[in-house]
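There are 2 protein chains.
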Amino acid sequence: MTPVRVVCHQLEPHLGDTDYNRRLSETAIRSAAALGAHVVVLPELMQSGYAFNDLAEARAVSEPLDGPTLCLWKALAIELGLIVVAGFCERLSAGRVANSAALIEPDGRLTVYRKAHLWDREKLIFTAGDAPPPVVDTAVGRIGMMICYDLELPEWVRLAALAQADLLCTPVNWPDGPRPVGERPAEIVRVQANAAVNRMFIAACDRHGEERGVNWVGGSVIVDADGYPLAGASAHPTEQQLVADLPLAQARNKSISEHNHVHRDRRPGLY
Amino acid sequence: MTPVRVVCHQLEPHLGDTDYNRRLSETAIRSAAALGAHVVVLPELMQSGYAFNDLAEARAVSEPLDGPTLCLWKALAIELGLIVVAGFCERLSAGRVANSAALIEPDGRLTVYRKAHLWDREKLIFTAGDAPPPVVDTAVGRIGMMICYDLELPEWVRLAALAQADLLCTPVNWPDGPRPVGERPAEIVRVQANAAVNRMFIAACDRHGEERGVNWVGGSVIVDADGYPLAGASAHPTEQQLVADLPLAQARNKSISEHNHVHRDRRPGLY
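Top to bottom, those sequences are chains X and R. Position one of the first sequence corresponds to residue 22 (this note's numbering), numbered consecutively onward. Position one of the second sequence corresponds to residue 22 (this note's numbering), numbered consecutively onward.
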């Protein structure tokens, strides 16, 4: 397995302006391809923006799986030969919507994940997913997917790791909040720990740009299988493009000492 | 609930010299009491040292629950009116030994925990515990207990948190290893994440001093319920005494937004 080049592009979707967001995503995906990316990760709800007032507003900009944004991303994945992971507001049946992420491979194959753990007012808007985080056996390695607050449930991250993800791609919108001076944001610390206890790479792509009084950490980060950052990892609330080459084969070695293996050391009968 | 003063005293036990280690622990416990500590945490295997060659060597210095070290710690807890948490090599039946920790309250009550997840060659020496991490309802708050590598299993930490621990006291001996320049040790990062995802305080007491070629991180840390360090948190492989006043009541509020609660947001049916 040769190293896999991953790009996280932290940018600013505009709330409700799906035309603008499509153009923005296309520019980012083409830019990642120009850098030789095998995988490009864009933020949660890239297609729609985040701070909806209510379900009606979200529904109005939601898209089905054959909508214009996913069609664009699929066309770009095929044309450019890379994997696209990005968030979108998915139109479900019966007037419902989901906070979803798409993983699209260069052969056009689409995998969709629906956020299972909803943050704050998302609970008033989105229907939570009930399916485990998918792990897709791509040409460059096994890629898992989940979204933002899902990362705060170590049980959920464990599921993706036990399903043998080498790399977890996570579109996020991390709302900013207070933290002690000089401390790395807790959101990033949790990503590091999730990576280390599973020996799995994680690429988290955050956003920037205020929406209705909400600001974001701007904490995009790419973390190695030991839990140390390879790119990003600071609060940096403006545009940034992170690039890292990931030796994903390392994630297939779960041994951390002569006698320890991060997964076989689990004692599920006790949990 | 008034703030609880916790002291972690990172010191250097001598391998196999239980007399020396008893004197060292007594000095540390008296020093913590002089600082007004309600709780003092000492390292893993404080009573015995760590780097045993084999079971016979560990057995030779192991102690039963009425051995001289636990009797001393009990006498000190009663005399000084504080809670002692420290590690010891416990003599079990049939020639077996456990890597254990004691929590002794000022009324003399003893709670013992046996490390359930063993690190490296510990597997050749110690019998792993099968009981969940205890959570003791003390006069100053609910205190959970586990040891070192247990912290790398988020499922195990979750058990203590779901059993309503306000504070998790963790004797550790973190073997040192390479890390990127400027990065906080991953052991500490995992403690931070464990605290944050459970809104629970954690006090981890490491050691220093080489034993048979093994060195330690010296990473003792006391972390708040948001996952940020209140004391310690660097690789500092020499003696240090960390002091922090913990508003443990904060750990009883698991809400992190108007609609989120770190434990009720779990979806156990899916894990």
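Everything labelled a hint here was simulated from the structure, so no lab data went into it. Model, not experiment: these values are computed from the prediction. You may find that some hints are simply not true.
[What the hints assert, rightly or not] Here are some of the chain X residues that sit facing chain R, going by a computed Cβ distance under 8 Å:
no., residue
1, ASP87
2, PRO89
3, ARG130
4, ARG142
5, ALA214
6, HIS284
[To be verified] Residues from chain R that keep clear of chain X, each with C-beta distances beyond 12 Å, as calculated:
no., residue
7, ASP40
8, TYR41
9, THR48
10, LEU56
11, GLU100
12, GLY116
13, ARG117
14, THR132
15, PRO153
16, GLU176
17, GLN185
18, VAL264
19, ASP266
20, GLU279
21, ASN281
22, ARG288
Backbone N, C-alpha and C define an ideal beta-carbon position, used for all residues, glycine too.
Hints and how they fare:
{"no.": "1", "hint": "ASP87", "result": "28 Å, violated"}
{"no.": "2", "hint": "PRO89", "result": "31 Å, violated"}
{"no.": "3", "hint": "ARG130", "result": "25 Å, violated"}
{"no.": "4", "hint": "ARG142", "result": "7 Å, holds"}
{"no.": "5", "hint": "ALA214", "result": "3 Å, holds"}
{"no.": "6", "hint": "HIS284", "result": "10 Å, violated"}
{"no.": "7", "hint": "ASP40", "result": "31 Å, holds"}
{"no.": "8", "hint": "TYR41", "result": "28 Å, holds"}
{"no.": "9", "hint": "THR48", "result": "32 Å, holds"}
{"no.": "10", "hint": "LEU56", "result": "23 Å, holds"}
{"no.": "11", "hint": "GLU100", "result": "36 Å, holds"}
{"no.": "12", "hint": "GLY116", "result": "21 Å, holds"}
{"no.": "13", "hint": "ARG117", "result": "18 Å, holds"}
{"no.": "14", "hint": "THR132", "result": "18 Å, holds"}
{"no.": "15", "hint": "PRO153", "result": "7 Å, violated"}
{"no.": "16", "hint": "GLU176", "result": "4 Å, violated"}
{"no.": "17", "hint": "GLN185", "result": "17 Å, holds"}
{"no.": "18", "hint": "VAL264", "result": "17 Å, holds"}
{"no.": "19", "hint": "ASP266", "result": "16 Å, holds"}
{"no.": "20", "hint": "GLU279", "result": "6 Å, violated"}
{"no.": "21", "hint": "ASN281", "result": "6 Å, violated"}
{"no.": "22", "hint": "ARG288", "result": "6 Å, violated"}
In terms of the numbered hints stated before, the structure departs from hints 1, 2, 3, 6, 15, 16, 20, 21, 22, listed from lowest to highest.
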